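Protein chains: 2
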Amino acid sequence: MKLESYVYGKWVAGAGAGVGLRDATSGALIADSSSAGIDFASVLSFARERGGPALRDMTFHQRAGLLKALGKMLGEHKPEFYALSTATGATKADSWVDIDGGFGTLFVYASKGTRELPNQRVFVDGGTEVISKTGTFTAQHICVPLEGAAVHINAFNFPVWGMLEKLAPALLAGMPVVVKPATSTSYLTQLVFRRMIESKILPEGSLQLVCGSLGDLFEHLTCQDVVSFTGSAGTAQALRRHPVVISNSVRFVAETDSINSSLLGSDAGPGTPEFDLFVREVVREMTTKTGQKCTAIRKAIVPAGISADFIAAMKERLQRIVVGNPALEHVGMGPLASLGQRTEILERVRLLRNEAELVAGDPDQFTIEGASRDLGAFVPPMLLLCKRPGSARAVHTTEAFGPVCTVMPYESLEDAIAFARRGEGSLAGSIFTADDDIACRLALGLAPMHGRLVLINRDCAKESTGHGSPLPHLVHGGPGRAGGGEEMGGIRGVMHYMQRTALQGSPQTLSRITGRWIKGAAQVNPGVHPFRKPFHELNLGDTFLSGSREVTLEDIERFAALTGDTFYAHMDEELAARNPFFGGRVAHGYFLISAAAGLFVDPDYGPVLANYGIDALRFIKPVKARDRIQVRLTCKQKTLRADKGYGEVAWDTEITNQMGEPVATYDVLTMVSEDANPGNI
Amino acid sequence: MKLESYVYGKWVAGAGAGVGLRDATSGALIADSSSAGIDFASVLSFARERGGPALRDMTFHQRAGLLKALGKMLGEHKPEFYALSTATGATKADSWVDIDGGFGTLFVYASKGTRELPNQRVFVDGGTEVISKTGTFTAQHICVPLEGAAVHINAFNFPVWGMLEKLAPALLAGMPVVVKPATSTSYLTQLVFRRMIESKILPEGSLQLVCGSLGDLFEHLTCQDVVSFTGSAGTAQALRRHPVVISNSVRFVAETDSINSSLLGSDAGPGTPEFDLFVREVVREMTTKTGQKCTAIRKAIVPAGISADFIAAMKERLQRIVVGNPALEHVGMGPLASLGQRTEILERVRLLRNEAELVAGDPDQFTIEGASRDLGAFVPPMLLLCKRPGSARAVHTTEAFGPVCTVMPYESLEDAIAFARRGEGSLAGSIFTADDDIACRLALGLAPMHGRLVLINRDCAKESTGHGSPLPHLVHGGPGRAGGGEEMGGIRGVMHYMQRTALQGSPQTLSRITGRWIKGAAQVNPGVHPFRKPFHELNLGDTFLSGSREVTLEDIERFAALTGDTFYAHMDEELAARNPFFGGRVAHGYFLISAAAGLFVDPDYGPVLANYGIDALRFIKPVKARDRIQVRLTCKQKTLRADKGYGEVAWDTEITNQMGEPVATYDVLTMVSEDANPGNI
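Those protein sequence lines, which keep their order, are chains G and S.
The opening position of the first sequence corresponds to residue 290 in my numbering, with each subsequent residue numbered one higher.
The opening position of the second sequence corresponds to residue 290 in my numbering, with each subsequent residue numbered one higher.
Hints listed in this document are in silico derivations from the structure and should not be mistaken for laboratory results.
Hints should not be assumed to be uniformly reliable.
Each pair may be met inside one copy or between any two copies, as identical chains are not told apart.
[As the list claims (entries may be wrong)] DSS-like cross-link-like pairs, simulated, lysine-lysine; straight-line CA separation at most 30 Å:
1) K422 / K361
2) K422 / K381
3) K604 / K361
4) K422 / K913
Since we're looking at a predicted model, the values are computed, not measured.
The following block holds chain G by itself, in its conformation from the complex (with noise of 0.2 Å):
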């Protein structure tokens, strides 16, 4: 079978012989891969004239919706993804964090995109900037998607996760992706690939696949397009120096190498519960994907006096652990996932053994279940000890990605430390401890080297996603080692493919451009009373201003009386004098925004449905007794929910007193219906 890629609209098989790919535990041949013949200039314009335009065409909340579309027919076609997935050495539960997990982080996506990005194009980044003194020239950040391609370059061990993580960030943004699959597990990919193309969930253009090198096609990039690798910091290296990256600025983001750690507090001793769940997440890590995770424990940081009881408890859970063929359903490990990467990993064990000692797992006599020893991949899981971490090397920059794990024993917090950014930057570390002094000390001493940090106590550990999941809420990436990138961290993920301008000019210019109305633009009497017009009625500038009331005695005594509020600057006004900001009786701040609403209201029946929260409530200057208030309201921002009938819309709101002065501002948020007569619903 010659593995296809799939470029400008079609599946294209290179040409020539190819890399052939083989099944992890018995070497058998699943199909020969090749890009050659591509042309990868035309694959980015396909890119940038079809793909391109077609999603920036969309909405966020459209694109979030072709995420969750994807996620739930990926999600149909499962079975036969971990079928497939067997193949690359992966037990079920390997296979359920790369296949679930994958599916998972298109719906987390989905729903951000939803909830936290606005139904429009543009993103409106940040709060309006006062840059001049009277405001009729102001200035506001947002973001728009880069009009290039997503470049994804991915790593074998994670073939549909390592895929959709990137995928649906850049997607999100509203950029087409190349995805470029490493080649020896490219075959789960393509086949997960597959499905989506055929779905005809995403316009031509969005996605393409390259099933081999990516031949000249770094020639080809320039500033509006986004290269995301992950895999080895030698290939980020060579990649990240690349002439064009280099002149073009092409923004490069990099997950490579990580040598993590995780620290055992030193209140955890034998027969604490952190303890045991210390041992338990290192053996999880050491096993899980056959230990080829790149956020994986590589160096077990524990306290020097009980370092024999640790690896005396590590010792006999590994020898639980059965290694072979994973399709068998007892069996806890798999194979690496190619004859090559045992190779590697087992001439980086003879590194590590220059300056640690194996304490557990023999890769020359160990136990291999339901296949053979020559075909298949496998090591059994090491662990090593060094017993001097501080002069050692190897120990801290040699990242053997398998099995594998290195403890280090340590005298003092501050060598823990130290050990664990002995790493020169790392993607994941994890603190044990149920000491929350420790805990602090720990996590501020080694945030600056870390992109994550997870803190595991009794606590919270039955909920823990554990040390090394990255989870799309969170940033994925880490400083130096570990490639200086950030990937997902939510929406922070989505920025990497959009370009942040800085607008500045008349607020109604500005109002115009971001979809929101901005202070300042104009303030439009509609005619009617915009608590009458339905969701697609209302126009951003839209103004309704009340009559004013005056504010009495008697309406602090009976807004006291009614709610309990009897604080003693409403009710005494010998001691209100006394307070530095009020300087006398003041009305309850909770009487303006409600006798605000009593202004503002159209009490019937309308399109109106509910006042469903307030933001940004700020009490400028007090009100007191004969003051008059009287209330503006602005349509400053509608979210259209499409398929519920109605949408949010937020209005900008501002009471000021008989002198024309603010006393409260505030956005009160409503839910207005799509239709005029909204007992339909």
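Starting from the structure of chain G, add chain S where the hints point.
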């Protein structure tokens, strides 16, 4: 005079002859510059070991205070800075941009640091992420200062602002800085720097200065260091591909060449205010700083039908610009910064003339006031016309870094956008139009290729800060040719000097590390009502749980009568039953939060001075007559305003019903005195 560097706590004169720095007008020798003999590894370790820890020991507010003090102190030395600035070729107006502009940046960062950052050492980035079902395991991103040095390599054109605009966000983040000014104008940078050191405002090690080359400094960079470069694309690229930068993933921010465009809308013919504003702005951008601004307008893109009018208007205005000795009051444009610059710019203009004709300004024939043509680096303002910008190349890619601009006529808005985008990534663009449809089309067409866009019309022109002025509030940087970096942008700029880390753990542990109470962390009954506690006695987690109160139909009626809010959902059972969210008559949301205040307020005089606002109020479940409500307040975040005698305290607030279900959640914001008896304020 030998220009000294300031390294490892002392002033050091470089060895050897050095480079001669000359007055731009007279050619007189001002100083010799050399960094020979400096130990650059020690420069970095001095920053890391002395400056870093001292800065990190302070809170953001304390560091903001340093910036404010620096700005004030430097303001007292203005006369000597202005005097020396003339030697760089700057007129008084040019010096204002550089000197007062630089000081302004310090003040803006001081102010933003105090308002937008917490008064603590850890920055909490974004909200808590929900990653478990019951909330015992949660996540929060934080940012902490990088623990290396910020190496700032600055350009010659802004010897003061160029230093301060980078130094402000770095110091605010808590990173020590090594300043490396461009050699030709480094004598002015050095004078300003010397006053900062003499003032002893900053802790030792926070600031070092290298006048001359950086020697082997790059060999010693790690992933905890940041390089921020401003200058030519060629140098940026060479530094960016330095092996140590690549292999250690050293953060590298670049702001380089940029061919910036200004577009005149098709509506803005002669006689319109926008036409006149455009002419004035292009002239200003050509001549301010003798056109030596990375943001200056290099391409004036105008409707073809009025390009002749535009050129005529430009010629008329340019003729009035007096070129000469910048010390003379009536001189409008001084020399370039050096004779080397003059040679380079004249060469670039020759290149441009292959595709464009010179329509104003003749470098071989122009008048110079009060200076010698041979000794000073003078050129006239030069306007070119490129009749076929669609087929031209050099005009889109050649930056003549002086008073040089090329006019490009366009037929359609699509062409105008395409011409601007041919710059391949720009720092700044501007659009002059009174038509917001045109503004919107042009802005969204340009946005992916620009870091900043200014939209000018008659309404905002008076308060406009202009095309070419970066503001500390706004991102300065751009994609592609502009270097792909971002500086400033308010607090965004501070984050370049910090590591973002995702923390996962129990709410209690994360509250401890972040200094912010997180939902799920302990709620502690402090024994007294927390409103009785002065600021410093309050602890995160201090909680008040109120008694409960029944909500009656009479409450609803009385509240409606008092406030005037007679929305049907509160008043009419039958209509309310039709509402999809309520299904029957409900209490006013405003009544709930008012009654909640009645339940939680401690009425007597005490340290709580005011409830100054509410954030993120959401009504979650309707409350009907005969429901009982109760409220919980938990101390969530404390921000001391040390100089004011009080602090801001945010209270996580939740109203629940008799079933214990949340009906409303919000943050109550209070001002709490440091004094138990705040009459003393």
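Checked hints:
1. In the homo-oligomer, the alpha carbons of K422 and K361 lie at most 30 Å apart only across protomers (22 Å), although the nearest pairing inside one protomer, at 52 Å, exceeds that limit.
2. In this assembly of identical chains, K422 and K381 lie within 30 Å of each other by CA distance solely across copies; the values are 24 Å between and 64 Å within a copy.
3. With identical chains, the CA atoms of K604 and K361 are never at most 30 Å apart, being 42 Å at best within one copy and 65 Å at best between copies.
4. Taking identical chains as interchangeable, the C-alpha atoms of K422 and K913 lie at most 30 Å apart only when both belong to the same chain, with a minimum of 29 Å there against 47 Å between chains.
Hint violations for this structure: number 3 only, all remaining hints satisfied.
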